[in-house]
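**Student:** Sequences are here, hints too, so could you generate the full structure?
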Amino acid sequence: MNEAERPGGALHLGLWMLTSGGHIASWRHPQTDPPRLLSIEHYAETARIAARGKLDMVFFEDTLAPRERNGHIFGEASINSLDPVVQIAALAGAVSDIGLAASYSTTYHSPRVLADKFATIDALSGGRAGWNMVTSGSAAGRNFGSGKHPEHAIRYGKAHEMLFEIKRLWAAVEPSPQGEPVLIQAGMSQWGLDFAATYGEVIFAGFKDLEMGRNFRSNLRALAMEKGRSPDSIKVLPGMMPLVAGSEKETKEKEDFYRDLIHPTLVRGMLGERFNYDFSDYPFDRPFPIEEMMTNLEERPNIGGDRMRFVKEIIDGETVGSYAARMTTKLSGHLTVCGTPEHVADFMETWLKGGGSDGFVMQTMQAPVELELFVDAVIPILQKRGVFRSDYSGGTLRSHFGLPAPRRN
Amino acid sequence: MSIDNILRNISDEEIDAFALRDDEMILAVRGFGASIDISRAEAAGFDFVLIDSGAPERPVGGDALSQAAYAMARTTHIGLAVQISTDWAPYNVARALASFDLLSGGRLGWEPVRPGDQSEAAFLEHIDIVHALFDTWDDDALVFNKETSIFADHAKVRRIQHNGAYYSVDGPLNAPRPIQGHPVLFARSDALCADIAFAANNAQEWSKAAKVMYETAIHGNAERSTREAFEIVRAQKFDGVCFSVSGFGEFHALIHAIESSDIAKNVWRDTISLRTRLGLARPINQFAVTS
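Here the protein sequences come in this chain order: A and B. Numbering-wise, the numbering used here puts 380 at position 380 of the first sequence, and it's gapless, one number per residue. Numbering-wise, the numbering used here puts 17 at position 17 of the second sequence, and it's gapless, one number per residue.
Treat the hints as calculated values from the structure; they're not laboratory data. A quick note: this is a predicted structure, and the numbers were derived from the prediction, not measured. You can take every hint at face value.
Below are the SDA-like pairs computed for lysine to any residue, each with C-alpha atoms no more than 25 angstroms apart in a straight line:
#1 B/Lys146 <-> A/Glu45
#2 A/Lys54 <-> A/Cys338
#3 B/Lys146 <-> A/Pro283
#4 A/Lys158 <-> A/Tyr199
#5 A/Lys158 <-> B/Pro115
#6 B/Lys156 <-> A/Arg268
#7 B/Lys146 <-> A/Asp256
#8 A/Lys227 <-> A/Met212
#9 B/Lys156 <-> A/Asp281
#10 A/Lys252 <-> B/Ser149
#11 B/Lys146 <-> A/Asp33
#12 B/Lys211 <-> B/Arg234
#13 A/Lys158 <-> B/Trp88
#14 B/Lys237 <-> B/Ala44
#15 A/Lys254 <-> A/Pro341
#16 B/Lys211 <-> B/Gln286
#17 A/Lys167 <-> B/Pro59
#18 B/Lys237 <-> B/Ala200
#19 A/Lys384 <-> A/Thr340
#20 B/Lys146 <-> A/Glu68
#21 A/Lys167 <-> B/Trp88
#22 A/Lys167 <-> B/Ala55
#23 A/Lys384 <-> A/Gly246
#24 A/Lys158 <-> B/Ser168
#25 B/Lys208 <-> B/Val113
#26 B/Lys146 <-> A/Gly272
#27 B/Lys211 <-> B/Gly279
#28 B/Lys156 <-> A/Arg300
#29 A/Lys167 <-> B/Gly54
#30 B/Lys156 <-> A/Gly71
#31 A/Lys167 <-> B/Pro115
Taking beta-carbon pairs under 8 angstroms as the criterion, some of the chain A residues facing chain B (in silico):
#32 Pro34
#33 Ala65
#34 Ala115
#35 Trp170
#36 Thr265
Derived coverage of chain B by chain A (criterion: at least 3 residues anywhere in the stretch with Cβ under 8 angstroms from a Cβ of chain A; other residues may be distant):
#37 49–61
#38 69–83
#39 92–102
#40 166–173
Every residue, glycine too, gets a C-beta built ideally from N, C-alpha and C.
**Tutor:** Laid out in structure tokens, this is it:
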């Protein structure tokens with residue numbers, strides 16, 4: 001029986017936890033209580049809702065420098081990740097059943113620290129730990145004694161060595177109920193792909209459309225087979241953000257609501273970061289000052305690629321305001337799907353059946369309110385269709401993802 | 001915990017108001033995570049537990065901070081202190097500790113441990129950087145104004161741009177100032193200006209610590225060990241006692257001895273910070289401009 005025919009369905013879902021949600025202005029949502037974003041109760045409550053929805057895991061990303069804009073910290077995002085390993089360790093004590101995953105850097109922690117923390121959390125949680133092996137963004141180097149952040153190739157070379165040492169340390173202790181923590185990997189560079197095919201068990205990705213997903217997934221499964229692994233031992237989860245509404249009319253209203261949640265000051269800041277130009281006093285009804293912008297466009301690095309690609313998006317003679325309105329409707333680099341619960345469920349099922357992914361790692365616009373809506377409205381549809389589990393069948397992260405026992409050193 | 005803890009300093013007068021214990025003796029237990037049932041220690045009225053990290057070569061799986069975080073979610077007010085090796089880079093330490101302090105409502109303490117291959121000078125520089133990073137955010141940097149869309153006042157967040165003999169760290173931290181200002185600092189040497197020092201003999205040998213606790217193991221009979229320890233604390237005017245346990249059996253014997261002793265039990269109804277609980281002043285921000 002192949003995966004898709006297995007009872008309980010084959011869709012896998014992770015909740016990508018960000019402080020108040022995936023939407024950049026989610027902290028301004030009327031139901032967000034900002035001080036609560038600093039307390040464990042907020043994350044425990046959100047994780048419990050995800051567990052009620054039978055999601056495979058909750059996931060916390062990591063940064064080793066605050067997000068900055070125009071030379072100073074960018075408020076909302078600068079606390080977007082409190083230490084994720086502290087968070088999943090706490091959640092191991094606060095919530096049962098659901099998997100607990102966190103990013104932690106192979107560049108800035110020793111193999112011993114990495115092995116120790118994830119083994120501890122794996123034991124405490126009864127075998128629910130997952131580690132997203134990241135090599136870190138370039139802003140981090142200045143906080144760790146080196147002015148330079150190591151280049152890609154060097155970072156990944158080091159990552160291979162480190163993983164060998166980490167697995168050696170794990171092999172020397174009593175296995176948890178899942179053997180070892182699940183290895184998650186998110187790099188989509190050439191180096192990242194090779195690493196993913198060798199070690200990755202759950203792979204985070206960013207896809208624009210189903211065809212991109214299908215190509216990536218089949219390519220990665222083939223690479224894994226070349227390395228002697230079963231293709232089903234590697235699961236691909238692209239990022240996704242659903243916006244669930246009761247009707248088409250309500251969908252439009254919610255889209256407008258979230259777009260308007262972004263204060264003009266923030267829009268100006270986002271434009272500033274995108275184009276490396278100060279728009280704080282620039283009138284929105286004027287076209288872009290393209291010539292002036294070009295002088296400093298690539299002066300400092302932008303996460304995710306060069307800024308020219310944004311300049312190319314500007315429609316000839318378009319006002320800053322018009323561009324901003326278009327920019328804020330596409331709120332995430334990942335797949336966004338807005339509509340009724342059926343529409344959202346259809347989208348997810350299409351991707352699964354089409355081989356574009358094994359599921360999704362989801363942000364919700366706001367947490368926990370939008371997550372709760374998703375769990376109450378969309379999950380039951382997926383369960384009824386036999387595409388998603390009705391209950392957890394095992395107690396470990398490995399069993400949730402249907403992954404084989406780990407290859408221990 | 002409330003936003004008040006984040007947005008204001010707690011004054012000494014307020015600290016006195018929280019002193020509910022009759023005899024004010026601080027009571028703590030320390031050992032490896034596997035030896036201590038932290039929920040049980042909370043129920044028995046301990047002020048804090050301190051989780052030891054053990055030798056650097058020990059098998060993995062006993063990370064003190066992760067064990068404390070697990071307990072954080074399962075307890076409401078007991079202080080949680082951990083040994084942290086300064087092998088771990090200062091930015092990592094500061095971030096993990098600030099995160100824990102915030103998430104727990106200000107219940108964290110830490111005891112830095114110098115690895116054998118690190119010099120005393122590097123150790124001290126490391127800890128200075130950690131404290132400077134805690135102070136990169138002013139207490140009132142978080143504004144949370146939904147109307148004006150100001151989440152944080154970036155004028156109240158700064159880099160440290162530290163370039164020392166052993167470390168270079170730019171900052172700022174990507175976490176606001178801890179609820180306690182700085183997590184409570186424990187030490188077993190006088191090299192640090194610790195909040196609390198542990199001493200085996202003499203309270204007076206610690207000139208720099210704000211408070212000194214008698215540290216002792218359980219020797220055979222727990223009832224007798226605890227009675228003798230309380231006598232020493234009173235006679236030598238220690239601020240409290242920390243019992244070191246080497247296994248679960250010893251821990252249970254200790255709990256039983258404490259519960260059947262005449263020492264006043266702490267019944268804390270509201271979650272307050274560990275600092276407040278121990279009667280320790282909250283440090284002001286070293287970068288604060290006094291006007």
